[in-house]
Every structure is written in C-alpha cells, then in structure tokens.
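So the sequence shown is numbered by the working numbering: it starts at 1 and just counts up by one.
Please note that the accuracy of each hint is not assured.
Unchecked claim - Listed next, with one range per pair, are the computed distances between beta-carbon atoms:
| id | residue 1 | residue 2 | range |
| --- | --- | --- | --- |
| 1 | L145 | N102 | 50 to 60 Å |
| 2 | I139 | R57 | 17 to 27 Å |
| 3 | R57 | I301 | 14 to 24 Å |
| 4 | A250 | S45 | 15 to 25 Å |
| 5 | H249 | E308 | 39 to 49 Å |
| 6 | I301 | N102 | 44 to 54 Å |
| 7 | E308 | F176 | 45 to 55 Å |
Derived from the structure by calculation, the hints contain no laboratory data. Where is the CB? At the ideal position from N, CA and C, for every residue including glycine.
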Amino acid sequence: MPRETALVSTALVSTPTLAPPPPDTEDLRALALRHGLSVSGARPSLPEYTRQLWSRRHFITAFATARLTAQYSQARLGQLWQVMTPLLNAAVYYFIFGVLMNTREGVPDFVPFLVTGVFIWTFTASSITAGTRAISGNIGLVRALHFPRASLPVSLALQQLQQLAFSLCALVIILFCFGVAPGWSWLLAVPALFLQFLFNTGVSLVLARLAARTPDIAQLMPFVLRTWMYVSGVMWSVEHVLAKNHLPHALLLALECNPAAVYIDLVRFALIDSFTSAQLPPHVWAVAAGWALVAAVGGFIWFWKAEETYGRG
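Using the sequences and the hints, build the whole thing.
Okay, structure coming up:
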C-alpha cells in the first residue's frame, strides 16, 4: 500500500464521529407531556397541597412526639427539663426584674403574672426558633423523600404545643400555691392558646422559607426574639407603661397590638383573677384572631410558593 493511501486511511479511522445535535428543549417537553410525565418535585396547586398536608397528619403528629421524647433523652433528669427550664427562667427573671428592678410594684399576684408570661412567651419563641431550622435541620429527609415540606415547620410548632402542655401542669401548681383558685374563666385559655398556635405556626412557615435560602437568619433570631420579649410585657405590666402617657401614640398602639403581648394577656386574664378585662387592650379577641389568621394563611401560602426549591442548590 502506498504511503499516501495509508495516511489517508489512518486519518479516516482516527477522525471522531460527530454526535448528533441535542434535541430541542421544547421537543422534550412535548414528548414528556404526551407520555404523561411531569417534573419531579413540581409544586402542586394550593388545594392539592393542602390535601396532601392533611393526609400526612399522622406523620406530623408522630414526628412531633418523637422529637419531644428525644429532646432530653441524654440528660439525667430526662423529661423533667421540659418543666424545669421555663421554671428556672422564671426564677431568674423574678430576681432580676421583680427584686432588683422592682417591676412587681403595683402588680398583684406578681409570681403567677410572671410565670404565666414566661411560659406563654417561651411557647412562641421556641416555635419560631425551631421553624428557622425546619428545612436546613432536616435537609437529609427533605432530599430523600417526597412529602409536603410544610409538614416540618407544622410538626415543630406542634412539638412546642406539646411541650407547653407539660409547662401548664407546673403553672397550675404554682397558681394553687399562690392562692389562685380555678374557675370557669380558665376555659378561655383554650381558644387563646389555639390562636397563639396558629400564629406561631404561620410565623414558623415564613421563617422556614427564609432560612432555607439564607441560613444566617437562624443566627440573627436570638437577638430578634430577645428584643421582642422585652417589649411584650413578659416581666412587666404593659398597662402601667401605657398609663404613663408620655410615649408617642404609634408606639403605644404597637405595644397594645403586639401579638406576643396580646396572647400573654389573654392567658393571664383567663387564669389570674386579679388580671381583669380593664387591663386588656380594646378588641383584644379580634386582634388575637386577626394575627392568627394573617400569620397562618399568609405564612402557609408564602411557604407553598417555594415548595419546589427546598433541598435544592
């Protein structure tokens, strides 16, 4: 074989075969639709998403109970910390604010007043803190399984509601020790706590979405919650501050309508005889229901809109 013929043959053999051009994206989409295929993890409609969430209600309850049981499993005192933690917080606040700063002056039944405020505030603060880590703290579960992601912040809020049930048992004992007798008004605590649960869940849904994209929010929340606690009348009486009338009207209105303060005051009104309706802001039940409705519905829709982005990136 002549040398030139061999070189040509070698060149033909070594020349790579060109791949066919990729199919057009629109062609692939049309092909998928024609065969009934859909995008994996696509966001369902809002009614369908709600139905899916309701169908996972047993998982939500079981997940909340399992996390509550495991929360103090490594501690020697175990589940006693569910009651001891808010009690120790109340003792510290009593010493600092009640004794050193004398905020108990003019507040009858100050210890029940303080302990009720601490327990109810802890319910909101713990729910929001858990909500900021609902997605990022369960990223393995989010990426491994297909389920409505709202199940996570909802179950964490439910966990804090279960935690509150233990705290309320201790609260009832404290009320008895300080001479507060049970009455029919105690039943008002049930709708107040239900509205607070809806509010906590809605805020948790909002922060779960924000923290899923910006994890730094979880680091910022302790400072936000601490500031919120100090302006919510947990350790002092909002009524006494409002009575001084030296604050701007907008600030007075903000203190009155502060959702944390509203729910705390409603439970105090239900449980403590000396906390009367005169100490409640006007239209308090309407304000409480409004905050719960706006937070729960708005937070749920806000979270649903980003459903297909969780666990990606």
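| field | Those earlier numbered hints the structure runs against, lowest number first | value | 4
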